[in-house]
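J.: Numbered continuously in this note's numbering, the sequence shown closes out at residue 455.
Calculated from the structure, these hints are not laboratory results.
Incorrect hints may have been included.
Stated by the list, open to error - Simulated crosslink set (DSS-like; lysine-lysine; CA at most 27 Å straight-line): (1) Lys196 with Lys419; (2) Lys419 with Lys241; (3) Lys279 with Lys241.
Claimed, not checked - Derived CB-CB ranges, DEER-like: (4) Phe398 with Thr311: 41 to 49 Å; (5) Arg269 with Gly390: 48 to 56 Å; (6) Ser344 with Asp284: 46 to 54 Å; (7) Arg190 with Ser344: 46 to 54 Å; (8) Gly350 with Glu175: 52 to 60 Å; (9) Thr311 with Pro389: 42 to 50 Å; (10) Arg205 with Arg242: 40 to 48 Å; (11) Phe194 with Gly433: 37 to 45 Å; (12) Arg250 with Ser344: 36 to 44 Å.
Ideal Cβ placement from N, Cα and C applies to all residues, glycine included.
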Amino acid sequence: MTTVSRRAMRSWCRVSCALLTLALGSWGVRAPAAGMDDMVLIPGGEFIMGSDRVDAEEMTREYGFGKPLYLDEHPRRRVNLPPFYIDKYEVTYAQYRDFVIARNYWVPGVWKRNGYLLERRVLQIADVARLRRLARDTYRLEGDLGSMDKAALLDAIEARQRQWDRLPIAEVSWEDARNYCTWAGKRLPTEAEWEKAARGNDGREYPWGNDWDRSRANVGGSEEGVMPVGSFPRGRSPYGVYDMAGNVMEWVADWYRAYPGSDYRSRDFGEKFKVVRGGGWGGVGHYALKYFYRAAYRFYVAPGSRFNDLGFRCARDAAEPGQGKE
130 MTTVSRRAMR SWCRVSCALL TLALGSWGVR APAAGMDDMV LIPGGEFIMG SDRVDAEEMT
190 REYGFGKPLY LDEHPRRRVN LPPFYIDKYE VTYAQYRDFV IARNYWVPGV WKRNGYLLER
250 RVLQIADVAR LRRLARDTYR LEGDLGSMDK AALLDAIEAR QRQWDRLPIA EVSWEDARNY
310 CTWAGKRLPT EAEWEKAARG NDGREYPWGN DWDRSRANVG GSEEGVMPVG SFPRGRSPYG
370 VYDMAGNVME WVADWYRAYP GSDYRSRDFG EKFKVVRGGG WGGVGHYALK YFYRAAYRFY
430 VAPGSRFNDL GFRCARDAAE PGQGKE
């Protein structure tokens with residue numbers, strides 16, 4: 130990057146940050162996208178959790194995986210859970226925005242870069258030249274921006290923001306996810322709840338069945354990047370839960386530990402890493418392989434991690450009505 134472009138970037142960052150500060154101070158809450166508060170009832174009873182697979186093809190050695198394939202999923206066993214509700218979709222930009230504004234909460238880094246939070250009344254402060262730069266560089270709008278007046282630019286930017294309402298929130302830590310769920314009167318799902326919601330009670334490999342089909346999920350290597358929640362109806366789980374494979378990985382409540390009855394040992398077990406499930410759009414290289422989108426696969430990361438393909442959904446007990454949003 131040249132000295133001139135660095136200077137321009139720093140200048141533009143100052144403008145964007147100033148506008149963002151004003152936006153947060155304005156406390157204008159847009160209505161969330163319709164239908165995104167849906168939850169699905171997962172019936173109580175047994176389901177098959179984990180797997181008894183072995184790495185017969187020695188994929189761990191061939192690709193240099195960070196942990197042995199399958200072993201932390203052992204043993205395959207039946208787990209009995211009470212009924213619970215889980216979000217039909219991953220938590221979206223629009224939902225998380227209401228939380229950020231209501232609680233004056235930390236703003237995800239992605240919004241600082243893409244301008245999602247900037248409201249029209251705040252953007253009006255910028256002159257036309259700056260709005261054109263915003264439209265081109267921040268909102269990635271195309272077309273003849275030079276011929277557009279201020280009102281047209283504001284309309285175009287606002288339309289782009291509305292397109293993003295249905296994107297799954299990402300770049301949030303485990304604590305951020307937990308705090309949102311608590312505010313919404315919910316909680317993070319346990320690892321067992323997440324897996325049951327993803328694979329049903331028949332022990333299937335993927336939410337849609339046992340055969341890998343990348344057309345059913347937004348998986349690594351895709352040119353699309355992150356996509357609106359619910360974009361892959363053919364990838365729904367047996368209970369009708371969307372995006373349990375791909376789009377964004379999802380935080381669950383649990384620490385990364387050995388399963389009961391497992392003889393696999395790892396130095397990473399314990400209260401050091403939180404489990405994340407489902408695989409994300411951002412996988413590259415071997416992380417785009419089908420193994421990482423299996424319903425039983427266990428990722429784990431430090432609870433303070435914030436990745437661009439890591440989000441979450443919430444759950445709640447079936448016997449307890451939702452509270453929160455105070």
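J.: Are the hints correct? Go through all of them and say.
T.: Hints, verified against the model:
1. Pair hint Lys196 plus Lys419 holds up; C-alpha atoms about 16 Å apart against a cutoff of 27 Å.
2. Proximity of Lys419 to Lys241 is assessed by CA-CA distance (about 33 Å); at most 27 Å being required, the pair is judged violated.
3. Proximity of Lys279 to Lys241 is assessed by CA-CA distance (about 22 Å); at most 27 Å being required, the pair is judged to hold.
4. Taking 41 to 49 Å as the suggested C-beta distance range, the pair Phe398 and Thr311 does not conform, at roughly 27 Å.
5. The hinted range of 48 to 56 Å is satisfied by Arg269 and Gly390, whose Cβ atoms lie roughly 50 Å apart.
6. A hinted range of 46 to 54 Å for the beta carbons of Ser344 and Asp284 is inconsistent with their spacing of about 35 Å.
7. Evaluation of the 46 to 54 Å hint for Arg190 and Ser344 yields a failure: the beta carbon distance comes to about 30 Å.
8. The given range of 52 to 60 Å is broken by Gly350 and Glu175, whose C-beta atoms sit roughly 36 Å from each other.
9. For Thr311 and Pro389, the hinted distance range of 42 to 50 Å is not satisfied, since their beta carbons lie about 28 Å from each other.
10. Distance hint for Arg205 and Arg242: a CB-CB separation of about 42 Å, consistent with the stated range 40 to 48 Å.
11. At about 23 Å, the CB distance of Phe194 to Gly433 disagrees with the hint of 37 to 45 Å.
12. Between Arg250 and Ser344 the beta carbons are some 42 Å apart, a value that agrees with the proposed interval 36 to 44 Å.
Of the numbered hints given earlier, the model fails hints 2, 4, 6, 7, 8, 9, 11; all others are met.
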